[in-house]
Each structure stands twice: as C-alpha cells, then as structure tokens.
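Enquirer: Those protein sequences? They're chains B and E, same order as listed. All letters in the first sequence, in the order written, are residues 0 to 353 by numbering that gives the first Met the number 0. All letters in the second sequence, in the order written, are residues 0 to 394 by numbering that gives the first Met the number 0.
Check each hint, because a few of them may be wrong.
[As the list claims (entries may be wrong)] Which stretches of chain B does chain E cover? Using the computed rule of at least three CB atoms under 8 Å from a CB of chain E, they are:
(1) 91 to 105
(2) 128 to 134
(3) 275 to 287
(4) 297 to 304
[Said to hold, decoys possible] Pulled from the structure, derived: some chain E residues nowhere near chain B, Cβ distances all over 10 Å:
(5) 81
(6) 99
(7) 106
(8) 310
(9) 374
Hints listed in this document are in silico derivations from the structure and should not be mistaken for laboratory results. Note that beta-carbon positions come from the ideal geometry of N, C-alpha and C, so glycine has one too.
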Amino acid sequence: MKLSRTDLGPPDYREMLPPVIKENYGQWAYHEYIRPGVIKHVSEKGAELFTVRVGSPRLVNVDYIRDICDLADKYCDGYLRFTSRNNVEFLLSNGANVEPLLDELKQKGYPVGGTGRSISNIVHTQGWIHCHTPATDASGIVKAVMDDLYDYFTRDDLPAKLRIAMACCLNMCGAVHCSDIAILGIHRTVPRIDHERLSKVCEIPTVVASCPTAAIKPDPKKKSVKITEEKCMYCGNCFTMCPAMEIMDPDNDGIAILVGGKVSNARMAPAFSRLAIPFLPNNPPRWPEVTEAVRNIVETWVADAKKGERMGEWINRIGWERFFARTGIPFTDKHIDDYIFSVPTFRSTTNFKW
Amino acid sequence: MTERKTPLLDELEKGPWPSFVTQIKEAAEKNDSAKDLLLQLEQSFREKKGHWKHGGIVGVRGYGAGVIGRYSDKPEEYPNIAEFHTLRINQPSGWFYSTKALRTVCDLWEKHGSGLTNFHGSTGDVILLGTTTNELQPTFDDFIDAGFDLGGSGSALRTPSCCCGPARCEWACFDTLDLCNDLTHAFQDEMHRPMWPYKFKIKISGCPNDCVAAIARSDLSIIGTWRDNLQINQEEVKKYAESGMDIRGMVCEKCPTKALTFNVETKELSCKFEDCTRCMHCINTMPKAIRPGKEKGATILIGGKATILRSAFLSWVIVPFMKLEPPYTELKELIEKIWEWWDENGKTRERVGELIYRLGMGNFLRAVGLEPVPQMVKEPRANPYIFWQADEISK
C-alpha cells in the first residue's frame with residue numbers, strides 16, 4: 000500500500016502571479032473602468048494591468064477550462080484568475096492585446112462584462128445536478144435569468160451594481176441572505192415521515208433538535224418522531240438531517256424572491272435580503288414566472304432609483320410601501336416576520352407614507 | 000441503443016448566456032457518468048424533483064473531510080452515477096492560476112472522473128464533480144503529488160478564502176493572500192479532520208467593500224481597515240471636479256456621517272477624521288483622489304452565517320483594529336481561543352454566532368480575553384436583564 004502524502008495545503012499563490020503583479024504587488028495606485036468587462040489598474044511606477052472579465056456557467060467541463068487556458072496563453076502569458084462570483088478574469092500586462100482578446104471572446108460567445116454598475120454573475124448552488132436536499136434546480140434558473148438579463152451583464156450604466164444570488168433550498172449554500180435580489184427554493188408542505196425507516200437511518204435527538212420551531216417531538220410508540228403541523232414552516236432542516244423526513248413535494252415546492260441585501264459597508268451598512276415574493280411555481284426548463292418577476296423588479300429599480308443607489312438603498316429611501324406599490328407586487332401576511340427576531344421589524348412609528 | 004432524448008435540457012442550450020447543459024453534453028461524449036448525469040437531470044426537470052440520496056461517509060486515508068459522498072437514488076437506471084462523489088480541491092489564494100496548474104487539474108480529473116467541475120464551489124474550492132468510491136484515493140494521490148490538497152467539509156474548518164488583495168487592488172489594507180495562505184497551512188489539521196460542533200468559516204477581505212462577503216458568509220470575518228485619516232490628493236480632486244463630477248452630490252451628500260466637505264471655490268475636499276467611518280464610498284467614487292489611510296490593519300468580526308438554524312447573522316465587531324503582519328500570532332491565538340470555547344460549549348450543529356447568542360457576549364468576551372468596547376454594538380441593551388459576576392457583588 001502506497002503511503003499517501005497529506006496535509007500539504009493548497010499550491011502557493013505566488014507561483015500563479017504574472018510578473019506585472021509580482022513587480023507591483025501592494026503598489027497599485029488606482030483603477031479605471033475602460034469599458035464593460037475591462038478594468039485597468041495602474042501602479043505607483045506607472046505599470047498597467049488590464050483585467051478582462053468573462054461570465055462563466057460555473058459548471059464547466061475540463062475542455063472549457065483548457066479553452067480558457069488557450070486564450071490566456073495566447074493573450075496574457077498564461078495568467079488568469081477566477082472571481083468570487085465565478086467569473087473568469089484574464090490578466091493582461093500588454094494593453095494592445097485587449098482588443099484582440101475581446102474579439103476572440105465575442106466570436107466564441109463568451110460574455111464580457113459584470114464590472115462596475117452591472118448585474119454580475121449569479122452565485123448559485125448545485126440544485127438537481129448534485130444536491131440531496133434541493134427544492135428546485137439552480138443552474139437551470141441561473142441560465143434562464145441570465146439569458147433574460149443578459150444585456151445588464153454587458154452594460155455598466157445601471158444606477159448601481161446589482162448582485163443576484165440563487166439557493167436551491169434554505170441551507171443557502173451560496174449565501175443568498177445578503178443579495179440585491181435573492182432567488183430561493185422553498186418547500187410549502189409538512190414532511191411525510193417514513194416511520195419504518197426513520198430509526199434505521201436517523202438519530203432521533205438530532206432530528207428533534209434540528210427543528211427551528213420545535214415542531215418535532217419523539218414518538219416512542221412508533222420508534223419515530225411526530226410533527227406538530229401548525230409549527231412546521233417546512234424549512235427542510237429535518238430532512239437534511241434525516242432522509243426519512245421526506246419534504247420534496249414537486250406539486251408545491253417553488254421559489255421565493257427576496258430583495259434589498261448588500262454586503263459592502265459603502266454608504267449603508269450591510270443588510271439582509273427581505274421577502275418580496277413568497278411563492279412562484281417551479282416551471283422548468285425556463286421558469287418564466289421567475290424571470291418575469293426578477294425582470295420587473297430590476298426594471299422598476301433601474302427606472303426609479305437615483306444614480307448610485309443600490310436596490311436596498313433605493314427601498315430605504317422610498318419606503319417598503321412604495322416598493323410594493325411601484326413593482327405591483329402584492330403585500331400579504333406572509334411578508335410579516337413571525338420568527339424569533341420579528342418584533343424589531345415591525346413599524347413602531349407613525350412615520351409611514353400613504 | 001437509441002439515444003435518450005433530453006428536450007427540457009435542450010431548451011437551456013438556447014440563449015446568449017453560456018450553457019451548463021452544453022458543458023455536460025460535451026463531457027458526456029467522453030464519459031458515461033456525465034451521460035447518466037444528463038439523463039437523470041432531464042428526469043429531475045420532468046418530475047421537478049431531485050434524485051440524489053443523502054450521502055454516506057466516503058473519504059481518503061487520513062482525512063475525514065474534503066470528499067462529499069453522493070449516490071443516485073435511481074442506480075438501476077443510471078448505473079454510471081450510482082456513486083458520483085465530489086472532491087473539493089483547495090484553491091490557491093485569490094483564485095490566481097497559471098495555465099500550467101489549471102491544465103494539470105484538467106488532465107488529472109479527466110483521468111479519474113466525469114470531467115465536470117465547478118470553478119468554483121461556494122466556499123471557494125475547485126469542485127471535482129463526480130467519481131466513484133474506488134477512484135477517490137487514486138484521484139487524491141495524483142492530485143497531492145501534483146501539489147493540490149483537499150479543502151474542508153463537514154464539522155471542520157472550511158477552506159478559507161480571500162479577495163485579490165495587494166496583487167491587484169490599491170485598497171488592500173493588508174496582505175489578504177498571504178494571510179489566507181498562512182492560515183490555511185497553519186490549520187491543516189482542523190480542515191481535514193472534523194472535530195467541532197459544526198462548520199467554521201473564515202473569509203478575508205482587504206477593505207470594507209468586502210468583496211468576498213466575509214461579513215455575511217463567515218464565522219470569523221477579517222476585513223481590512225485603517226485608523227488614521229484618508230489620504231486625499233487635492234490635484235486629483237480638482238481634476239474630477241473639472242471633468243464634471245458632482246462631488247457635493249455624489250460624494251459629500253452620500254457620506255453616511257457627513258464627514259466630507261467640498262469647497263466649490265478652492266475645489267478642495269476635506270475629511271473630518273473623527274467622523275469618518277471608512278465606508279469606502281468616497282474612495283470608490285474618486286479612486287485617483289482618495290485612498291485609505293496609512294495605519295492599516297483589519298477589523299475582526301464574528302458570527303456570520305446563513306439562516307439555518309436560528310436566523311441569518313451578519314458578523315459583529317469583536318476587535319476594532321488588529322495589525323496583521325506575518326506570522327499573525329495575535330490573530331491565531333485569538334482564533335484558537337474562540338475555537339476552544341465554542342468546541343467546549345457548543346451543541347451539535349451550533350454555529351459560533353448561535354452559541355454567542357445563547358450564552359451571551361459577556362461570557363464570550365471573558366472566555367477569549369477581549370475587553371468590551373462600544374464599537375462592538377450598534378446600541379447598548381434596552382432591557383435591564385443584566386448578569387453580574389460573583390466577584391462584582393459584595394458578599
């Protein structure tokens with residue numbers, strides 16, 4: 000048996016840096032947005048670094064990566080990186096190579112953009128491709144929404160940047176909880192318990208503890224658990240912990256849309272995304288209800304927001320009552336919080352608009 | 000054998016955005032597991048339901064993390080994805096790659112698995128999407144010989160990630176790449192051998208723009224900051240003004256603490272140091288004219304997480320300013336104290352932020368040896384349910 004080497008850690012990032020970065024490391028002076036998808040950084044010494052940003056589907060085969068490598072070898076000496084939103088970035092030290100690279104990217108149909116005041120790539124999860132607890136697919140919805148909003152990726156003249164994220168269930172493996180627009184897979188029905196199977200595949204105390212609303216209690220007679228149905232809000236955490244708590248329900252599972260979150264500290268503190276639409280149906284392959292709803296929210300914001308206002312800042316200024324009025328989205332009892340930190344979200348002032 | 004059709008997925012090959020379906024189909028031409036994945040996915044699209052079982056425990060020798068077990072719940076129909084596990088490969092800091100490194104990843108993965116990847120997974124690792132149990136050890140052996148190791152998973156330290164930092168960004172307040180690399184190497188044991196109540200994530204951003212969303216997505220958030228005044232280049236301010244920028248409207252009026260004043264006659268911009276909260280807005284808007292201060296370091300925050308179980312949290316300040324220079328001893332000591340307290344007191348699947356919510360900031364600060372400061376709160380408590388320590392009361 001061959002002895003494995005272990006605990007070596009990742010490769011050294013220093014070996015991946017182009018000379019222009021090594022020579023100007025920590026000495027960058029400023030940057031400019033040349034055009035959508037192209038950023039120029041200039042160092043104290045006057046050296047230039049051009050970044051060309053390309054949207055990718057995140058799920059890519061090795062030949063895609065090799066193709067990206069061919070482009071990087073041809074135009075920027077084999078140096079590139081990826082962003083925290085799954086875009087590819089070519090790192091060029093030779094400005095003369097930018098146009099030819101852009102031409103070739105255009106021929107290949109690779110979208111260039113996602114910089115400045117644009118809609119960048121959608122951070123998302125595995126969905127039906129690989130997840131064991133999905134309420135919906137992820138890549139499919141991302142493709143449908145990005146096809147519909149494609150022009151917003153390749154422009155950079157929106158009121159401000161807009162970040163969309165998608166999670167196929169409440170585990171939120173892509174952290175949609177602070178996005179300008181969050182697309183979230185949800186369940187709407189109580190789990191169906193397989194009592195025969197439960198004690199064989201699950202630890203009962205773990206299942207009981209997994210419920211945020213204490214809706215699950217042990218059921219010693221059945222050697223299983225029981226659910227107090229009025230307390231269950233179908234978050235699916237028990238299913239994550241126990242496959243015998245079947246919660247996937249193709250007829251009732253769907254999608255919620257939340258808005259107004261941000262992570263940066265600029266101007267306004269970081270904020271959570273908040274519920275705009277509690278339910279849209281799952282309609283593969285194109286999810287037209289979702290793409291329409293997202294487009295409506297985007298277009299309302301583009302038309303109404305002042306320059307420099309992200310979605311949450313716009314809503315902050317006009318007030319949530321105006322947000323619902325201007326988007327035409329109905330406000331319901333479901334929009335009002337009823338979990339543990341609910342009361343601070345209520346409007347304890349008469350300062351509201353008509 | 001007739002080709003099984005995938006009409007729903009075919010629809011997603013149309014349209015301008017690059018298609019993941021095309022990626023799977025291309026892989027399927029060379030690899031049967033990718034082919035079965037495509038067909039099972041079509042079934043999922045038809046039925047509106049996932050077809051993956053809750054994973055069993057699979058892994059590589061010496062590690063308890065880095066491999067996610069995944070099994071199709073229809074193995075008779077899709078035998079090539081009966082076992083379709085994922086390996087997480089720890090990315091180089093800042094996701095910088097040479098084509099040589101990437102091609103190595105491609106060649107090794109094509110040899111051992113489906114040929115499908117995610118660049119990258121949500122935490123930051125390279126995801127090698129789909130191989131069998133028997134291939135896991137050989138895959139890992141090849142990758143580690145080529146200089147790549149696995150990332151974290153389960154109740155362990157998850158792979159730390161960072162922004163592009165001083166490699167490209169003029170706003171980096173410390174070397175995010177070096178810190179990320181250093182911490183990753185220092186905490187290999189904690190990453191590969193899960194031994195905690197639950198997961199723990201560390202994310203590192205060089206400035207308050209927080210481009211890796213550390214405040215939202217990590218238990219321990221390290222966000223660059225400075226503690227002296229902004230550096231303003233008045234020549235460049237003049238140029239912005241002359242180019243037509245509405246400095247009063249777009250910069251001064253948007254300052255959250257009204258710390259900035261623009262003198263229209265002299266075309267000079269000044270910042271009242273004691274009012275500035277370093278939000279980055281003015282710097283973002285006038286990058287040639289305004290830069291972070293000189294006394295740089297980081298703010299350390301704790302508690303960020305997504306909704307399950309007790310609500311989503313944004314990290315909150317526990318150390319307003321820490322200088323970050325190698326070997327980062329002060330930071331590592333704090334991190335280890337936090338882990339010890341959380342490991343000792345946390346229930347199963349209780350994140351550190353939830354533990355602090357349950358036991359209180361007072362207990363947390365005493366346990367890790369941090370002094371309470373007003374910068375930790377937006378506002379003090381309103382309720383008077385105050386705990387007193389025994390040594391504060393007269394007997």
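Enquirer: Indicate, hint by hint, whether the structure satisfies it.
Expert: Evaluated hints:
no.	hint	in the structure
1	91 to 105	violated (count 0)
2	128 to 134	holds (count 6)
3	275 to 287	holds (count 4)
4	297 to 304	violated (count 0)
5	81	holds (14 Å)
6	99	violated (7 Å)
7	106	violated (8 Å)
8	310	violated (6 Å)
9	374	holds (13 Å)
Hints 1, 4, 6, 7 and 8, counting from the list given before, are not met by this structure.
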